[in-house]
Structures are given as C-alpha cells and as structure tokens.
Amino acid sequence: MRENKERPQDSVEQAPTAVEPVHPLLEVDGVSKHYTLRRNWLGRPEVVLQAVDRVSLKLMQGETLGVIGESGCGKSTLGKMLVRIEEPTAGDIRYQGKSILGLSGQELKRYRSEVQFIFQDPYASLNPRQKVFDILAEPMKVHGLYEGERLNRRVYELLDMVGIPGAYSERYPHEFSGGQRQRIGIARALSLNTKIIVCDEPVSALDVSIQAQILNLLRELQQSLGLSYLFIAHGLGVVKYISRRIAVMYLGKIVEIAGAEELFRQPRHPYTKALIDAHLTVNPRERGRRMLLAGEVPNAINPPRGCRFHPRCPFATDVCREQEPGLEGDGGHRFACHHPLAAAKGASAP
Amino acid sequence: MEKQAAIGRQPAIEVEHLQVQFKTESGYVTTVEDVSFSVRAGETLCIVGESGSGKSVTSLAIMGLLDAGGRVSGGQVRILGEDVVRYSRRQWDRVRGKDIAMIFQEPMSALNPAYTIGNQLIEQIVKHRKWPRSRAEQHAVELLAQVGISRPKEILKEYPHQLSGGMRQRVMIAMALSCEPKILIADEPTTALDVTIQAQILSLLKEMQEKYGLAIILITHDMGVVSEMADRVLVMYAGQVVEESDVFTLFEQHRHPYTKGLMECIPHLDLDPSEWLQVIPGTVPSFTDMPEGCRFQSRCPFVRDICRRQDPGLTALDGGHRVRCWMVREPELFRKEGDPT
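Top to bottom, those sequences are chains A and B.
Take the first sequence: its position 7, counted from the start at 1, is 7 in this note's numbering, and no numbers get skipped.
Take the second sequence: its position 251, counted from the start at 1, is 251 in this note's numbering, and no numbers get skipped.
These are computed hints drawn from the structure, not numbers from a lab.
Be careful, since some hints might not be right.
What the hints assert, rightly or not - Distance windows between CB atoms, simulated:
no.: 1; chain 1: B; residue 1: S164; chain 2: A; residue 2: S56; range: 50 to 60 Å
no.: 2; chain 1: B; residue 1: Y28; chain 2: A; residue 2: V142; range: 44 to 54 Å
no.: 3; chain 1: B; residue 1: S164; chain 2: A; residue 2: V142; range: 33 to 43 Å
no.: 4; chain 1: A; residue 1: N283; chain 2: B; residue 2: E210; range: 53 to 63 Å
no.: 5; chain 1: B; residue 1: A145; chain 2: A; residue 2: F315; range: 22 to 32 Å
no.: 6; chain 1: B; residue 1: G42; chain 2: A; residue 2: R94; range: 33 to 43 Å
no.: 7; chain 1: B; residue 1: Y28; chain 2: A; residue 2: L101; range: 51 to 61 Å
Said to hold, decoys possible - Computed from the model, here is a short list of chain B residues facing chain A with C-beta under 8 Å:
no.: 8; residue: F22
no.: 9; residue: E25
no.: 10; residue: S26
no.: 11; residue: H221
no.: 12; residue: M223
no.: 13; residue: V225
no.: 14; residue: L271
Backbone N, C-alpha and C define an ideal beta-carbon position, used for all residues, glycine too.
Hey, can you work out the whole structure from these sequences and the hints?
See the structure below:
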C-alpha cells in the first residue's frame, strides 16, 4: 500500500502490509464476549450467545482501523468493550502496553479521558436539556482540565474545530440538524486528552452530502491532532475511505484483516469477496454482475461448527464443517479460511 | 379486463404537476411542487433525493396516504388512466392493494405484530379476491415460495417478530403482490437491510417485475440502488424535481450541479486513498424559509444573480432529459460572467 503523504504521522507509523509494527497503542488480545442466556440446573451455561469470540487486533498511533461486517457480527460489541461499556468474558485489552480491564478510580478516569466513543445517533447521546456549551464543558470540568475563562475559550475552540459557529453554544441539541449534532458529538469526544476515538457507525444515519462533510472532518482532525480511530461501519465505501487497515467480521469472528487497498484488490476470504460483490457500484453498466450470497447470517446463539461461514459458502467442504480455521497469512494480510481465494496474479503489493 | 388491455398502450401511472401542502402553525406550506412523471408496465422509475427532498411525500400522495395535515393541492395522479386525487376512502379501498401496492423501509411497521403472517396474508387475499379461505391459503403458500421463502407453510404460522429483517421484507413483497397489482411503490425497501440481503431483495424485485410486468416506483437515497435498478430517474431536491433522465444519461451526462455533487460525495471503492471527498457545503433550506429563485443556490458553486431572482423551471433536452438549472436554460449568461466550469 502506498504511503499517504497527507497524513502527518508517517514517522510513527509503518507500512501496514509490512511486518506488524512493534508498539501498538491499543491491543486487543483474544477477547470474547459471551452472554449466558440460560443456565442448566447445575448453574452451568446452557444457551450462550457468542457476540464476540476470541478477537485479536492492534491499533497503531495515528491510524484508522476499520471494522466492517453485517448486523450481528459483533463489531459494535467489540467497540463497546474497548471503552469498557461492556466487559469482555475472556481475553485482554491493553492500552499503551497496560491492561485496562482491572482499571478503576483515577486510572479508569484517565483511560476514559483518552479513549472516546462517538455514536451513530448523536441525538441519543446528547442530553436534550443541556445547552451545547454545557455538553462540551461538563467533561472538562469533571476531569478538572479547565475552568473559568480558559474553559470558555476551550469550548469555542472545540466548536471552531468541528465547524459550528461559536454563537450556537447557547442552543439545545434539538435545534441542530443531524450532521451538526454529529459535529457536536465529535467536539465532545475531543474535549479531553483524546488519543483514540471509537466511532460506531458515525455517518450511517446521515444524508450522503452530509456524510461526506463528516468523513472529511474526521480525516482532518486525525491529521491535525494525530488521533487514532477504530471505525466501525457497514458501508464499504465509507470504511475504505477513512481506513488504513480493515478487519472484516462475521458472526463474532475476524475472518480477514488487511491494508485497505490490499483487502479490496485481493480479498482472500469468500465472505469478504461476497461483501465487496454485494456493494452496489454507481455505474449502471455494471449492474447485476455479482455473486449473490444465499441465505442469511445464522444466529450467534448456536453458531455453526467449524468455519462459521460454511453454511453460506460456495466453497465449503467437510473440513470447513469440522474444523475452525485460524487467522493465517503474512503479518499484514491475514484470513481465516481453509480454501482461501487465490491471490490475484501480479496484483500484489510492491 | 378492460384495464388489462389498457396497459402497454398507456402508462400504468401518470403524475402531472403534483403539488402537496402541509398545514403548519403559519398556514399551508408547499413541500412538493410540480412533480410530473409516468411509468409503464415493466419499467422502473427511481426517485432519488436526501431527507426533505419530498420523495417520500410524493409516494404517499400517490397512494392517497398523506397524514391528516397534508393534502394534494394541485395536479393529477392517474392510475391505469383514472384520476385518483379526489378519491374517497371507499374508492381508494378498491384501488389500493389491488391496482397499486406499496412496500416500506421497515416492514415491521406495516405488519401487524399481533397476527400471524398467515392471518394477514390470507385475509388480504380473501378480502380483495373474494376467494374461499382454502384457496387463498394455497395461494399464500405459493406466493411465499415465489419470494424465496423456503418453509412457506411454517412461516404462515409465525409472527412478524420471529422473522429476520430480510424475511419480513420478503413477506411484505408477497403481500404486495398477492392481488397482482400493476404498480408497486417501494419506499427505501432495502435501507434497513445488510448489504448481502439488500442484493437478494433487489434481485427478487427484478424477478417479480418480469413475472408480473410491474411498473415500479422505487424511492431511495442511495445512488447505488438507482444504478442497479432504474430505467428512468427523478432527482429531487427541496420538494422539486431538479433533473430527470434515463439512468445512463443520469450517471454519465448529468447537468444539474446538485446531481453532480451527489455523485461526487459518494466514497467510491476506487477512490484514490490520498484524495479527499468532494462535499456539498451547507444544508437543505427549510420549507418555511425557502429562498426566491433556485432552491439549490446557497449550496451551488456556480451561482449567479439570476439564480437568486427566479426559478429556472425545467428545461427539456434530448431524450426526455430535463434539468432545472439556469446554466442549462441560459448558458450564455454564465459564459459572459466568466467561465464557471
């Protein structure tokens, strides 16, 4: 993948398709989230929903890692575990080399001031009775970062960063459009010592013309502030635009992870290929040319044995029904499949 | 029967100068203005636009389904040749479901959660076709099989909440087709679905269109859906049609700056990662505060004085291509003041 000259963090980052970088900012290590829905008379779990199952990934300083997948793939649960809205049932999450799962008190507060979350529906996450000024000022007061005149200045600075006129600070959330509310949500996420923002479908509810404004804003802020994003979404074009690397999830598992360009140029997992095929191009002369994936995503309560994708996979054989494939491949491009698609000839990265 | 014969010679549905108004505290506000189009059997018209463009209100007006505050204040809607704008509720009952049917973004809101799929589907067939229950049930099973449901008999006994989103949309399509309508309005039918399921549903709609010769009006915000499905396209902005053409012209030779902006702000998969997305600055004006002249003026990079004074109206070009823009109507004006492109 080409180095993107417009991004300022090049000195810190390494080419994503090369050897795995040494110091991830955030490291997810074999994390699972299983919900026990019913226990038997001995109190042992009987019906278990595996929302996320043994997922590992690394987020580097200054990069955007995209996570794509359809509903029920576990991408949102994964995001919530990173900000400790949900607790993993297994595995570990390390921030700057240190586990965050045992954090409490001041340490947890510090973690939460550095790792922020923005939601699909900013309206649901903004207090309707608070003016924009207070929405932005409150976290800074709670964390004791600014007060008095410096606090005021900081609020106006944040509004300016996200393109909201300072005069609007006395307004309430309902007085803004969806796009403006998302800008306010972003301003709030930036108000502390933010290093990482977990973005969960931040533009899915927006009109396409507004979506482009928000995506560009996120990219600009990343460049000027050196932020890292974990960007969760289902829209392929959106994820590819914003991400340096992309992880594809299916039924609680990562099935493929690669540099963004590489993933689309030569997907190796049949599910990734099917997702790309299902993406509607905006060229009416290419219509109808795609592999239609049969069936629907199975229930995560009783995920299929072996490879979880096998019931929908056109290439499935006995081994897929019996054995769960692990993530394999070289450092930059890995995939979990017994019968990976052939790498396109001559198309590999230089 | 005579209706059957009429199809082919004339469009299944014709809308002329449709105007819709809604009551507000400060009187009536016009939210859809001067919308005209026609759709023939077997043809798909996509109406594309963002929130507030009037695309959904247009579809509800056509179906006679405007809420209490809304009214069709001008124009005609002819379904199989008959103007239905002044139809009473009873007259609508004979047309709706039978000649024209509709499917929505969220089938859950159109299905009754308290009744089984079978109850709702069979009842509708009995009501419209006056068939005995056993025959209607037989037909219901066939319909569900046709829309790709693998266990139709079991699904009849299930409740809407027991089905996935994709399955519910299939059931909705089966219900819509149960009385063999000539016209199907699909309002964002795949917006709530995952991409792999969206591809399945769009392909099903095409299959059903071929089988029944449906005239389809597909309302969407997604240019990908338009590109996949449309024969003709209406682009709406702030309650008006700003561009209309066949699908190839729309994607390859669009003339309205808004259409151009819409196309460019989509993050294509082949966009170079170092490039930035084009944006349409600003937001849609509100209906209570609509500017004089062109409604896109505040967001248009090519705006001139004339755009602020007078609405350009639709200019007709070759092949049924129509554009609401001064650059198309009076290109001279734009050359004189300096080349905008």
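Notebook entry, point to check: Taking the closest Cβ pair, is B:E25 under 8 Å from chain A?
Noted result: violated, 17 Å
Check: Can the suggested window of 51 to 61 Å be confirmed for the beta-carbon pair B:Y28 and A:L101?
Finding: holds, 59 Å
Checklist line | Outcome of range test on Cβ distance (B:G42, A:R94; 33 to 43 Å) | finding: violated, 59 Å
Item checked: Whether the CB-CB distance between B:Y28 and A:V142 falls inside 44 to 54 Å -> For A:V142 against B:Y28, whose Cβ atoms are near 48 Å apart, the range 44 to 54 Å holds.
Notebook entry, point to check: Should the hint that B:S26 touches chain A count as held when the rule is a Cβ pair under 8 Å?
Noted result: violated, 18 Å
Checklist line | Supplied contact hint for B:M223, tested at 8 Å Cβ to chain A | finding: holds, 5 Å
Margin query: Tell me if the beta carbons of B:S164 and A:S56 are separated by a distance inside 50 to 60 Å.
Written below: 29 Å Cβ-Cβ, so the 50 to 60 Å window is violated.
Next item on the list: With 53 to 63 Å as the target window, see if A:N283 and B:E210 comply at their CB atoms.
Entry: violated, 22 Å
Note to self: Can you verify the interface hint for B:H221: is its Cβ closer than 8 Å to any Cβ in chain A?
What the structure shows: holds, 7 Å
Item checked: Hint check, B:L271 versus chain A [nearest Cβ-Cβ separation less than 8 Å] -> holds, 6 Å
Check: Any CB of chain A closer than 8 Å to the CB of B:V225?
Finding: holds, 6 Å
Next item on the list: For the hint on B:F22, just tell me whether its beta-carbon gets within less than 8 Å of chain A.
Entry: violated, 19 Å
Hint violations for this structure: numbers 1, 4, 6, 8, 9 and 10, all remaining hints satisfied.
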